[in-house]
Amino acid sequence: MNSPIHELAQAAELIATATAAIAGDPQLPAGHAAHAAWLVEELSKELSRAQLHAADALRRTGAHKLDAQSLQAITQAGLHPGDLSATAGNTTAGRTHYKKSLDVLVNWLNLPLSTARDRLAQVDNLIAQVNDAGERTAPRLAVLAETFTTDADPRLVLSAARQIQTVRKDLDDASCTTLQRDCAGFMADPATARRHIKDAVDQSVSDERSEESLLDEIGVYKRGTSRGLCSYLVKMLPSQAPLMDSLSEAMDNPKTMAGNRDLLRAQATGLFAEAQPEWDDKSTMPDWAQPGADDGTSADAFGTVNTPAGGTSKENSGSTTPEPNVSPPIEELRPEVRHLLGLLALLRSNGPPDALVRNTDQIGILIDYDKMCQTGRDFAVTTRGIPLTAGEARAKVCTAGLYPLVLSGQSKILDLGRSQRLFSKAQVRALRAVHRGCGYPGCTMPASRCEADHLDKWENGGRTDIDRAGLWCEVHHIARHCGLFHAVIIPNSRPLVLLPLELNPSQKLQVNTYFMTPAEAQAAQLQTSIATQKWRDGTLDVEIIEP
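So for the sequence shown, our numbering puts the first residue at -17; every next one is plus one.
Derived from the structure by calculation, the hints contain no laboratory data.
No experiment lies behind these values; they were computed from the predicted model shown.
No residue lacks a Cβ here, since even glycine has one placed at the ideal position from N, Cα and C.
A couple of the hints might just be wrong.
Unchecked claim - With a cut-off of at most 25 Å between alpha-carbon atoms, the simulated DSS-like pairs for lysine-lysine come out as follows: (1) Lys27 with Lys490; (2) Lys217 with Lys204; (3) Lys47 with Lys82; (4) Lys490 with Lys516; (5) Lys27 with Lys47; (6) Lys151 with Lys217.
Said to hold, decoys possible - Pair by pair, the computed Cβ-Cβ distance ranges are: (7) Glu525 with Pro8: 43 to 49 Å; (8) Glu(-11) with Gln515: 35 to 41 Å; (9) Thr160 with His35: 26 to 32 Å; (10) Lys217 with Leu25: 48 to 54 Å; (11) Asp352 with Ser213: 41 to 47 Å; (12) Leu404 with Asn486: 51 to 57 Å; (13) Gly520 with Leu(-4): 32 to 38 Å; (14) Ala59 with Asn92: 32 to 38 Å; (15) Pro8 with Ala408: 53 to 59 Å; (16) His(-12) with Val202: 37 to 43 Å; (17) His35 with Asp352: 42 to 48 Å.
Please model the complete structure; the sequences and the hints are all you need to start from.
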């Protein structure tokens, strides 16, 4: 039976051989390429777990005390360990090359110092700590440490541990344990786990911060110029963010004045053309410098009159073709660039300061009526997934361009039945407010760029009702009609999604939680888990919608 050392050495050689074969095979079948990519990611997961256990082994065995002969034997063995007794090593109480495990990671294994420190910190968080007496004690983050031993993606566990570590001093033990459980729960949906973990960690700290401390930090901070670019940092309250979001949405929508593609294209073309005109630009030349109108002569930069050979100006001879003014198609611009152009256009607006018109952000606020009545807190969230305090929600009622969404128990007010094929503006607004984005799991397309979809085909008697409507981005709208996934209707729920077997081996019903708050995402994941189990048990009325 091979030892772990032999197995690791063989694994390293096998990976190197397989990688070279993949890289050098021009006839590699597409299926094999996809399988190789899947296997490499699985290896990456195991490698991230192995790195932590290897660092723990270095520390608990005192490997930094190995003498010079032992280190030399290991180096010579390399990927061919051979007789393990030769590399077992000898530790000494005398002086060695390294004083501690960190030195071994940095100076022998050549890890960056920050990486080595992080790795040992994660050993403390997820495997075991070491007290001043050198004794191993329980890991710092017990719940995540247990999750690290399961089939959860260890990379997600490490990410959560790093983030919780940064706020640990601000949390009591009970809050820290609850936060760990929440983060572990989010890992059931890897597509949105990182977003919800970050939001949960941020919220755990922000809930404890006073209003005064928040107001002390808001503002626009100039970060200076680096690598040819000027950087500004903008910090604002959650209640102020919808105004920025509404500007971004307007820029992304070609049907709005702010998103006018011709104007944006002109701005994009002029990004590097805001300097003064060239000296020979005829549109800005004085009269005395303009080309002669009567005799075909022109004045050069020093006022000297020149007559081209043959009496014809080269500029007017038609022998040259002006270079076209090339600008990238506006949809090829990154959204971040479009948003910057919109902000700059807003700042360039003409008019005296006292004549500026106050813009109100069009914002949808979803209110949990039961929670509002029961607790009076954590009941309001914007349609972009930003939680609002009770005070912020009240302020928005006074200052923002709120739009009411009135639904009876059966949503009859917004139902059009067979009277109209296309969804009305009110219906689309309601769908966008409730769904907040594309319904496909993990999709990050906001609702403003999504399309309402008849789940029941109109030609087959489908009705234009919001309880039979989905909201998808253009890509996933087409994908649904191509049969690449199915929408699923269950009682008292938004449409769920059933991905095909090759993407969802467990055939679990799913919902996109990307735009939800951490609390909403937890509730949604619980709901889909319960619905999936009831569906398998045959106790839930499930309707799988055909393409």
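### Message
Let me make sure I understand: some of the numbered hints might not hold for this structure. Which ones are they, in numerical order?
### Response
5, 10, 12, 13, 14 and 16
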